[in-house]
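Model the full assembly from the supplied sequences, consistent with the hints where possible.
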Amino acid sequence: MAKLPRALLVAASLCAVIGSYFSGSDFAANLIIWVAINVLMTASFRFVLLIGELNFAMAGFVGIGAYAGGIATTMYHLPLALALLLGAAAAGLISLVVGFVTLRAKGAYFLLVSFAFTEVLRLIYSKVDVIGGNSGMIGIFPPAYLARFYPAIVVLVVLFFLFVLYRMERSDFGKILVAIRNNDDLVQTVGIDVHLTKVWCLGIASFVTGICGALLAHANNVISPGDFSFLVAVYTLAYLKVGGESHILGAVLGAIVLTLLAQYALGFGAYEHIFYGAAIVIGVLLLPDGLFGLAQRMLSGRRWPEGSGS
Amino acid sequence: MEPEILLKVEGLTRHFGGLAAVSDLNFEVRRGEILGLIGPNGAGKSTTFNVISGFHKPTAGKVYFVGEDITGRNPARISRKGLVRTFQHGSLLREMTVYDNMLVATISLMRTRPERDRRVRETAEMLHLSDQLHELVGNLPHGLQRMVSIAIAFSRRSRLLCLDEPLTGLNQIEVASALAIFRRIRDEFGSTILLVEHNMKAVMEICDRIVVLDHGVFLAQGRPIEISQNEAVISAYLGKRK
Numbered sequence: 047m048a049k050l051p052r053a054l055l056v057a058a059s060l061c062a063v064i065g066s067y068f069s070g071s072d073f074a075a076n077l078i079i080w081v082a083i084n085v086l087m088t089a090s091f092r093f094v095l096l097i098g099e100l101n102f103a104m105a106g107f108v109g110i111g112a113y114a115g116g117i118a119t120t121m122y123h124l125p126l127a128l129a130l131l132l133g134a135a136a137a138g139l140i141s142l143v144v145g146f147v148t149l150r151a152k153g154a155y156f157l158l159v160s161f162a163f164t165e166v167l168r169l170i171y172s173k174v175d176v177i178g179g180n181s182g183m184i185g186i187f188p189p190a191y192l193a194r195f196y197p198a199i200v201v202l203v204v205l206f207f208l209f210v211l212y213r214m215e216r217s218d219f220g221k222i223l224v225a226i227r228n229n230d231d232l233v234q235t236v237g238i239d240v241h242l243t244k245v246w247c248l249g250i251a252s253f254v255t256g257i258c259g260a261l262l263a264h265a266n267n268v269i270s271p272g273d274f275s276f277l278v279a280v281y282t283l284a285y286l287k288v289g290g291e292s293h294i295l296g297a298v299l300g301a302i303v304l305t306l307l308a309q310y311a312l313g314f315g316a317y318e319h320i321f322y323g324a325a326i327v328i329g330v331l332l333l334p335d336g337l338f339g340l341a342q343r344m345l346s347g348r349r350w351p352e353g354s355g356s
Numbered sequence: 009m010e011p012e013i014l015l016k017v018e019g020l021t022r023h024f025g026g027l028a029a030v031s032d033l034n035f036e037v038r039r040g041e042i043l044g045l046i047g048p049n050g051a052g053k054s055t056t057f058n059v060i061s062g063f064h065k066p067t068a069g070k071v072y073f074v075g076e077d078i079t080g081r082n083p084a085r086i087s088r089k090g091l092v093r094t095f096q097h098g099s100l101l102r103e104m105t106v107y108d109n110m111l112v113a114t115i116s117l118m119r120t121r122p123e124r125d126r127r128v129r130e131t132a133e134m135l136h137l138s139d140q141l142h143e144l145v146g147n148l149p150h151g152l153q154r155m156v157s158i159a160i161a162f163s164r165r166s167r168l169l170c171l172d173e174p175l176t177g178l179n180q181i182e183v184a185s186a187l188a189i190f191r192r193i194r195d196e197f198g199s200t201i202l203l204v205e206h207n208m209k210a211v212m213e214i215c216d217r218i219v220v221l222d223h224g225v226f227l228a229q230g231r232p233i234e235i236s237q238n239e240a241v242i243s244a245y246l247g248k249r250k
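For the protein sequence lines, the chains are R and E, in the order given. Okay, so the first sequence: first residue is 47 according to our numbering, each after it adds one. Okay, so the second sequence: first residue is 9 according to our numbering, each after it adds one.
A couple of the hints might just be wrong.
Restraint ranges, calculated between C-beta atoms of paired labels, are given here [as the list claims (entries may be wrong)]:
1) Asn49/E <-> Ile320/R: 49 to 55 Å
2) Pro149/E <-> Gly98/R: 53 to 59 Å
3) Val330/R <-> Lys65/E: 37 to 43 Å
4) Leu124/R <-> Arg129/E: 48 to 54 Å
Stretches of chain E that chain R covers, calculated by requiring three or more beta carbons in the stretch to come under 8 Å of a beta carbon on chain R [as the list claims (entries may be wrong)]:
5) 97-103
6) 115-121
7) 208-218
Keep in mind the hints are simulated off the structure, nothing from the lab. We put the beta carbon where it would ideally sit given N, CA and C, even for glycine.
Printed below as a string of structure tokens:
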């Protein structure tokens, strides 16, 4: 990757923060929040994909983060920062236990187990009355004096954790993760405990996912079990496929573009899901390595092959 | 001076369902030697490797490494004790660069990036991979890929290197250069090598001693010249002489 985009990234981040502070309408503010949260969710989904696993439990951990954050705010009246941290910690800690048990499975098996985890959690929320059962939890607000800044806070938190995930991927730990995806037996033979490394990978990703959940709860003010079905993971997969998997910026691009486009899909009513399905199909068929790959080819000035028309 | 025993395999048995892949195998590897483990296809060589390196648990028997019982330990722990193995079919991280392949191998060994970096560059120098450090392994020709898998194992400077058919598919020049590297690894770094290989010419040329398996059973052991004249070994490979 060229070094050029760094200045561009800083500028874009600044614009996002400042823009979200001055966003006039409620709708614009909410849109910025949704986009930002989806960006971070996609990045954390991609983090587990570094070890080669499609983590559908991600939707479940968003829920854990949301409910933990919601409980902290509505029942214990804790400060916002603490509520976010509790959401992240709850998701992170539970994921360590869940990962320790389930990450013995790989590929399609892990996908199914993680899918089941998400759906089981959804059923549990709906049966527990303390957290509102089927009708969910209400009144999860950021403190009034922060409400004006909330979009900017979300964007800042998201940017911070994007940076953390990016640094981790580039570190030697990140190289181990990619190595595990390539050949986990080989990684064992060079003295690395593959299972524990995978558990940590899921733990880190889920900590970040938990933050997303807590941010989401305070943005929507209402959460219910239906918000955390496996579809959340399917959407995230769509963002990633459209944006491109090879770089964290692909996750960012995909989430931004699709979340904005999906505002039109809302008008389709029950057919909304077709939009995401189509996005995955088009992304996979027409965009090798997604929008990020496309941008990379355009920036590096590579021409289309000779004879392929204008 | 009697050479110290580095690896000792005692009564090793491994069944897969009703099939005895290896039964009651005994042999030892002495410090500083190159020991060949040979036998016709299906003799149990790879199974022996898998049990020694911790990928399979033995049905019965013990494996001792530097006097310590390592039977049934997990592969990562065995590797950290100083026993590293390669795989018959590609011990490679294909989507990663040659540099990163070796870097990953040094992580559990060294704390800091500079140390790891120095080790990777030294290893690459010795295995003639310095010019390919930033190439993706999947894009390299077969001969270089074989070198990279040896480089991964060797970058740990382990006491014992277990190489599973490292010469497969190499041409004569590449075989010669690989053998020269094995000798340097042994002579300059004091590593011991346990070699599974089908290239008999190379095995006879480089090994100090050879252990022969057939159908999971110990058949013979001795110096290359003894093995090449051993009646039992010849009939295992070529069939009985009438």
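#### Entry: Hints not upheld, ascending by number
2 and 7
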